[in-house]
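**Student:** Residue-level listing of the chains:
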Amino acid sequence: MYLEQEQSLENVNSAPPMFEPDAIPVLEQCPQVAARLIEYAPGRHVALPLHTTYALIEQPAFVAVPGAAHYAYGLLTWQGKRLPLLNLYALVYLAAFNGFSGIPRYALVAAYQNVACGPLAFGAIGLSSLSKTIAIGDDAQCELPGDSMLWPRLALSCFQYEGQAVPILDTSRVFAAYHG
Amino acid sequence: MTEKLKFQPGEHGEEATQDEAISPAAGLANGQVAGLSTYSGNSGKGLPREVDEGATQRGNYVMLIADTLHLVLPQQEVGAAEYLEGKLEAGGESGFMRLHGDEHPRRYAALSAMMTLHPLCPADRFMVTWLGEDGDDLGWCWNELQILIDVELRPQPVPKVLLAPNSPVDQYVEFDGKLAFLCNAQQLRTFAFASRS
Numbered sequence: 001m002y003l004e005q006e007q008s009l010e011n012v013n014s015a016p017p018m019f020e021p022d023a024i025p026v027l028e029q030c031p032q033v034a035a036r037l038i039e040y041a042p043g044r045h046v047a048l049p050l051h052t053t054y055a056l057i058e059q060p061a062f063v064a065v066p067g068a069a070h071y072a073y074g075l076l077t078w079q080g081k082r083l084p085l086l087n088l089y090a091l092v093y094l095a096a097f098n099g100f101s102g103i104p105r106y107a108l109v110a111a112y113q114n115v116a117c118g119p120l121a122f123g124a125i126g127l128s129s130l131s132k133t134i135a136i137g138d139d140a141q142c143e144l145p146g147d148s149m150l151w152p153r154l155a156l157s158c159f160q161y162e163g164q165a166v167p168i169l170d171t172s173r174v175f176a177a178y179h180g
Numbered sequence: 181m182t183e184k185l186k187f188q189p190g191e192h193g194e195e196a197t198q199d200e201a202i203s204p205a206a207g208l209a210n211g212q213v214a215g216l217s218t219y220s221g222n223s224g225k226g227l228p229r230e231v232d233e234g235a236t237q238r239g240n241y242v243m244l245i246a247d248t249l250h251l252v253l254p255q256q257e258v259g260a261a262e263y264l265e266g267k268l269e270a271g272g273e274s275g276f277m278r279l280h281g282d283e284h285p286r287r288y289a290a291l292s293a294m295m296t297l298h299p300l301c302p303a304d305r306f307m308v309t310w311l312g313e314d315g316d317d318l319g320w321c322w323n324e325l326q327i328l329i330d331v332e333l334r335p336q337p338v339p340k341v342l343l344a345p346n347s348p349v350d351q352y353v354e355f356d357g358k359l360a361f362l363c364n365a366q367q368l369r370t371f372a373f374a375s376r377s
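Residue numbers (our numbering), protein chains in the order written: chain X, 1 to 180; chain Z, 181 to 377.
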């Protein structure tokens with residue numbers, strides 16, 4: 001079962017609307033952008049750039065890979081492709097799977113690139129709840145959490161959201177290589 | 181702006197809607213706002229996709245099935261298959277078993293779906309094969325075994341992010357709607373033996 005994102009990349013990447021100079025509003029707040037907020041473990045969140053997220057699959061079926069990385073659920077089938085399905089909590093905290101992370105209820109499919117301007121590849125993150133879309137601004141920027149040495153390798157930036165530091169993941173850093 | 185997420189047509193027909201703040205396109209395009217990155221040059225249609233078409237290889241193989249694990253080995257590495265002629269019991273060495281009442285010094289092993297050794301043989305393992313080197317007395321127990329004669333396989337790489345340094349498989353094939361991992365006898369033995377407690 002898929003929850004497909006109806007919004008196309010064309011919309012996301014389209015040029016900003018043009019304004020006449022005297023029509024530009026005076027902004028009192030920092031510009032806001034949309035991000036996909038996901039809860040990868042109870043009470044723990046990360047965000048993904050909205051345009052990198054493609055689909056949300058309910059009750060994802062996957063095939064376990066023998067001897068795979070400790071954070072790997074396995075290979076997920078999506079649109080005729082086999083995607084890596086990861087347990088982000090196990091990845092970030094070098095933790096073995098626990099009861100929470102046995103079988104994810106959802107899988108969020110995200111795009112990434114192995115090289116800049118290269119072709120798109122796809123990977124997926126296991127989730128226990130639906131993602132939500134939020135607006136964030138530069139004024140919410142904060143330091144990365146200090147609870148994992150992997151955050152600087154995985155995240156582009158970080159922001160405060162409801163009192164919590166939420167790293168913004170770079171999907172290429174997450175999916176392109178093994179995290180030992 | 182409202183972003184609509186909906187289930188893929190033809191599946192369940194359910195629908196979920198989430199509110200989304202308007203995203204300044206410039207912020208996403210240049211990747212400067214709150215560190216968001218973007219994929220330059222991509223439009224919604226005609227996206228370049230990672231080329232994952234592997235080269236085909238033709239030959240004779242054997243598919244060995246243990247629970248949900250499907251392994252494809254070159255046929256020359258798999259010995260003759262037999263039916264298991266009795267009940268297995270734990271042998272002297274961890275992970276190995278012996279046939280109950282059998283005085284022959286043969287040992288047996290059974291893989292889990294994760295390619296580790298089962299301490300005891302699951303009840304539905306009826307097929308036994310010998311792998312690799314001549315003279316190896318270790319019989320491997322399987323649910324099912326399929327001989328694949330002159331088949332064309334199109335191996336695909338297992339994504340790098342999934343591969344640990346000691347991963348015994350790094351390629352898979354789609355065969356009869358099943359995903360099977362390409363492997364050889366040495367990789368299988370090395371990984372399985374390393375799993376012994």
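These are computed hints drawn from the structure, not numbers from a lab.
A couple of the hints might just be wrong.
[Unchecked claim] Cross-link-like lysine-lysine pairs, in silico, DSSO-like; alpha carbons within 30 Å at most:
#, chain 1, residue 1, chain 2, residue 2
1, Z, Lys340, X, Lys132
2, Z, Lys340, X, Lys81
3, Z, Lys358, X, Lys81
4, X, Lys81, X, Lys132
5, Z, Lys358, Z, Lys340
**Student:** Hint by hint, say whether it matches the structure.
**Tutor:** Against the structure, the hints:
Among the hinted pairs, Lys340(Z) with Lys132(X) is consistent with the structure: their alpha-carbon atoms are about 29 Å apart, no more than 30 Å. About 15 Å separates the Cα atoms of Lys340(Z) and Lys81(X), which keeps this hinted pair within 30 Å; it holds. The straight-line distance between the Cα atoms of Lys358(Z) and Lys81(X) is roughly 13 Å, inside the 30 Å bound, and the hint therefore holds. Of the pairs offered as hints, the one joining Lys81(X) and Lys132(X) holds, with about 25 Å between alpha carbons and a cut-off of 30 Å not exceeded.
Of the pairs offered as hints, the one joining Lys358(Z) and Lys340(Z) holds, with about 21 Å between alpha carbons and a cut-off of 30 Å not exceeded.
Against the hints set out earlier in the document, no violation occurs for any number.
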